[in-house]
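In full-length UniProt numbering, the protein residues as written are 1 to 182.
Hints were generated in silico from the structure; no laboratory data involved.
Errors might be hidden in some of the hints.
Cβ pair distances, simulated, as ranges [said to hold, decoys possible]:
1. L28 <-> I94: 55 to 61 Å
2. F77 <-> I112: 44 to 50 Å
3. D18 <-> K80: 52 to 58 Å
4. F154 <-> L97: 51 to 57 Å
5. P6 <-> I94: 40 to 46 Å
6. A114 <-> D152: 53 to 59 Å
7. K10 <-> E43: 31 to 37 Å
8. D123 <-> Y92: 24 to 30 Å
9. V14 <-> F37: 51 to 57 Å
10. L28 <-> P6: 46 to 52 Å
11. S41 <-> G9: 38 to 44 Å
Keep in mind that this is a model prediction, so the values were computed, not measured.
Don't be surprised by glycine CBs; every beta carbon is placed ideally from N, CA and C.
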Amino acid sequence: RYLLVPRKGKVEVVRALDIPGLDTYRRLTLRLRNGAFRNLSSESDWWEVTERCTDTYPFPFVHEDKQACTHLSLVIFNEKAFPQALSQITKYGIVGLYTTFALVIVRLLRRIMAGMAFTIMYDDLPNVDRVLQLCLDIYLVRESKEMSLEEDLFAKLIFLYRSPETLIKWTRLTDAQLQARR
């Protein structure tokens with residue numbers, strides 16, 4: 001009645017629930033039946049297994065359900081089975097699982113924020129109007145085919161991006177903009 005079903009190997013009877021000196025096996029009745037089911041037109045054979053319930057059975061909780069005697073009932077203890085992909089993580093227990101989870105989160109955050117240190121300086125500039133005007137001037141000079149002037153303006157733009165101090169000075173708010181914000 002009580003079975004242990006391991007992940008691999010044979011099914012075993014659980015002996016820990018046996019009461020020493022008592023016969024805990026149940027008597028079964030096997031019948032070969034023949035007949036038709038409701039939705040089938042042909043007849044079939046099947047086995048019917050029933051238990052004989054007696055009041056002398058040592059486990060009282062079995063008799064709580066009156067229908068338990070009309071059918072074979074088994075209590076099965078299954079081992080936890082994890083997918084093979086997770087077996088490397090789960091063999092270290094809950095600490096290994098939490099550690100792996102934390103490492104994955106840290107790696108994701110690092111990947112998201114990896115390039116942010118280099119772009120903060122450019123993303124948080126207060127007033128980029130002068131830099132934008134310089135870029136527009138470069139496009140205008142390129143269209144008019146004045147290559148030497150385009151080269152000078154482009155060198156100025158590169159100098160700005162290579163010199164954070166100069167870039168900050170160029171993108172500061174003007175006095176009029178500061179007064180308007182107050």
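Hints versus structure:
Between L28 and I94 the C-beta distance comes to about 42 Å, which lies outside the given range of 55 to 61 Å. At roughly 45 Å, the beta-carbon separation of F77 and I112 lies within the given 44 to 50 Å, and the hint holds. Roughly 24 Å separates the CB atoms of D18 and K80, a value that falls outside the hinted 52 to 58 Å. Taking 51 to 57 Å as the suggested C-beta distance range, the pair F154 and L97 conforms, at roughly 55 Å.
Distance hint check: the CB atoms of P6 and I94 are about 22 Å apart, inconsistent with the given range 40 to 46 Å. In this structure, A114 and D152 break the distance hint of 53 to 59 Å, their C-beta atoms being roughly 35 Å apart. The hinted range of 31 to 37 Å is satisfied by K10 and E43, whose Cβ atoms lie roughly 35 Å apart. Our hint of 24 to 30 Å for D123 and Y92 is violated, since their Cβ atoms are close to 41 Å apart.
A hinted range of 51 to 57 Å is violated for the C-beta pair V14 and F37, which are about 35 Å apart. For the hinted restraint 46 to 52 Å between L28 and P6, the CB-CB distance of approximately 24 Å leaves it violated. The hinted window of 38 to 44 Å between S41 and G9 holds, with their beta carbons roughly 43 Å apart.
Hint compliance for this structure: hints 1, 3, 5, 6, 8, 9 and 10 are broken, all remaining hints hold.
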